[in-house]
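Visitor: Please arrange chain B on chain A, whose structure you already have, making use of the hints.
From first to last, the protein sequence lines are chains A and B.
Going by numbering that gives the first Met the number 0, 138 is the number at position 139 of the first sequence; the sequence numbering is gapless.
Going by numbering that gives the first Met the number 0, 16 is the number at position 17 of the second sequence; the sequence numbering is gapless.
These are calculated hints, taken from the structure and not from any lab test.
Here are the simulated distance ranges between beta carbons:
1) K99/B <-> Q143/A: 39 to 49 Å
2) H136/A <-> Q143/B: 51 to 61 Å
3) A9/B <-> A132/A: 46 to 56 Å
4) H116/B <-> V121/A: 17 to 27 Å
5) Q143/B <-> F138/A: 52 to 62 Å
6) A25/A <-> R89/B: 36 to 46 Å
7) R142/A <-> Q143/B: 51 to 61 Å
8) A28/B <-> Y122/A: 45 to 55 Å
9) E120/A <-> A9/B: 36 to 46 Å
10) L5/A <-> T58/B: 29 to 39 Å
Computed from a prediction, not measured in an experiment: that's the story for all the values here.
Ideal placement from N, C-alpha and C gives every residue a C-beta, glycine not left out.
There are 2 protein chains.
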Amino acid sequence: MQQALLEAQAAAEREEVPVGAIIVDADGAIIARAGNQVLADHDPTAHAELLAIRAAAHTLGSERLTGCDLYVTLEPCPMCAQAISFARIRRLYYGAADPKGGGVDNGPSLYNQPTCHHEPEVYGGMRETEAAALLQHFFQSRRQTS
Amino acid sequence: MQQALLEAQAAAEREEVPVGAIIVDADGAIIARAGNQVLADHDPTAHAELLAIRAAAHTLGSERLTGCDLYVTLEPCPMCAQAISFARIRRLYYGAADPKGGGVDNGPSLYNQPTCHHEPEVYGGMRETEAAALLQHFFQSRRQTS
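This is chain A alone, in the form it adopts within the complex (with noise of 0.2 Å):
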């Protein structure tokens, strides 16, 4: 978690919203790592964790990242938590719950639903306070200039 962090620390200096992702292949080794560049890249769908997973893939040459496990800073929305299903990735860590746009453990749950054919083990909350922090700075900076 600590270098997801690193890649939203990097993500906020590129004034995108701070969140930061890594993956690590079934022997720890990190094999992808990216922050938020929807702004850099005029590309909505362009999160830390589609970023990741698009690397992580195109590494492996594989669709699949079978026995890969994600780390990221901020609770996947439900586009990243849909992705992270169809990459069959085997642990999510995340960092700070979002209440607002979450969509594993808010929102629509999806891992829940009928419809999710792959479910990661979840495990939220780590590294949390850091990670909020991040966020809460990059927002307060933002209405502080607007």
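Guide: For chain B alone, coordinates are given in the frame of chain A:
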């Protein structure tokens, strides 16, 4: 929807799940078109809708496709449904319903969730018979050859 069906047919010919999508701007001009490319791209997120949204956003130089409409041959999954919301798509037209994997009128019904902050107008069942026939034929062929 005719153009989306052509994209779905082309996907089937590439042995991808036959789903196609088109995005039109406020004047009705097609600005993006795509079929599924999950296998070819080794990318679990390469659904027709996501590819079309990314292409349209790139073309317009904006992460928001305000005023644009999306046509897709199958009810979007939760990943694509959320991406459609993030992209601020105005109207979503889809062909066949998807009780097993859909995220709009099935499963999580994403646009009815409190975590959804932009809800497109939704029109389902458009040329549903042809869209469903493409999918049925594709999966029947795969069962026969597996």
